[in-house]
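**Q** Sequence:
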Amino acid sequence: MNLARFFGLGPAYVFTVEEDVMDEQTGVIIERAWDAKFEISKLGYDNAKLIEEMPRLRPLDFSPLLEPRYDYATQSSIPQHRIDMMGAAYLHYGDMGLVARYVDGEYIGAWRDHDAILDAVAPHVTDEVRTHMERVLNLHVPADFNWEEPAWHKTAFLERGNSAATVVAKERKSLRLIWNGTDKSTAREDAMNDPHITPTEKELECAFGCVYLVFCTWLWNLRISYPDEEISLAFIDISSCFRWPRVCPDLLGAFGFVIVSIYFAANAMVFGGVVSASTWEPFRRAIAALTKGLYDTPGLIHQHASLLNSVEWVPATDFTDFAKATACALNPGVFDNKDVASQPPILSMLMTI
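Going by my numbering, the first residue of the sequence shown is number 44, and it counts up by one from there.
No lab work stands behind these hints, which were simulated from the structure alone. Check before you lean on any hint, since a few could be wrong.
[Said to hold, decoys possible] In silico DSSO-like pairs for lysine-lysine, Cα to Cα no more than 27 Å straight-line: (1) K197 x K216; (2) K80 x K92; (3) K197 x K80; (4) K245 x K92; (5) K227 x K245; (6) K245 x K85; (7) K227 x K92.
[Said to hold, decoys possible] Pairwise CB distance ranges (calculated): (8) P107 x L276: 21 to 31 Å; (9) M97 x A230: 33 to 43 Å; (10) Y338 x N374: 18 to 28 Å; (11) R231 x D339: 53 to 63 Å.
A virtual CB, placed ideally from N, CA and C, is assigned to each residue, including glycine.
Construct all of the structure, not just a fragment, from the sequences and the given hints.
**A** Printed below as a string of structure tokens:
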């Protein structure tokens, strides 16, 4: 048997086995030849699967991966043919970073104009925030990351998978898969969230923890000043915000994870990663700063008329008994002593589950 022909490899990779030894008179096999495919398959399930899948995937055309995906937002499952094409691409390149660079486009955020984004926010954010945005946009890396993973370590996590996962279901929300980024089976192992693997000292400090308190305080003061009026709130939901900051192609393996039998090479920050929130933090602050700095820009109503016209107002009920709010020294309402209303806070918070 020629394994080079079996795997489709070049002449530099040739493995041969002897023929079966047979009795010339009776035709009985005295000594069976060494069957490389069979013997490798006996090393374990993964090796047996590899022997089976490599010949199937190797000739597969994976160029359709470059075509636009128009149904991505509505898919309810991962198509097997796309998994096969990704597998074929990995066999071809032997490096997930090269696969990411091949598919390009949305996978590495190639459509973003980094310079235009940084120039637009510069007048509204601090130099510190802009510096972190520049790192995330141009380098796609955490503020501090220096780790070389041993082969045995990656093999252990691929065989075991990530820690026990929990699916969280919320009404009118997509299912969320939650897992522990610090789980390990032995003291020799490293986990993604270990402080020496992904330290956070150089990350931008997350300041969204106080946002909800500020929001509730403002709402309470509004009710003090407007005890009998309906209060309308406007917000925008940035879905899966952690997926916005991309991961450098060279780090796909470091942030990848296993779910069931599929390996997900993480091309963006993941829920559960200790630096995911801090990677999103500079953009969260920029959104709040831009909202505050541009809210009175002339022409916004005309510019966004199509969106504003799509808003449907629900008629108020005949009688609504609003909660009562009492003024105090800390919460006097939204008017100062000259009856001038204070400017509402521009809040940008982080919703997880």
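**Q** Now look at each hint and say whether the structure bears it out.
**A** A quick look at each hint next to the structure:
no.: 1; hint: K197 x K216; verdict: violated (33 Å)
no.: 2; hint: K80 x K92; verdict: holds (11 Å)
no.: 3; hint: K197 x K80; verdict: holds (25 Å)
no.: 4; hint: K245 x K92; verdict: violated (43 Å)
no.: 5; hint: K227 x K245; verdict: holds (25 Å)
no.: 6; hint: K245 x K85; verdict: violated (48 Å)
no.: 7; hint: K227 x K92; verdict: holds (26 Å)
no.: 8; hint: P107 x L276: 21 to 31 Å; verdict: violated (44 Å)
no.: 9; hint: M97 x A230: 33 to 43 Å; verdict: holds (35 Å)
no.: 10; hint: Y338 x N374: 18 to 28 Å; verdict: holds (24 Å)
no.: 11; hint: R231 x D339: 53 to 63 Å; verdict: holds (58 Å)
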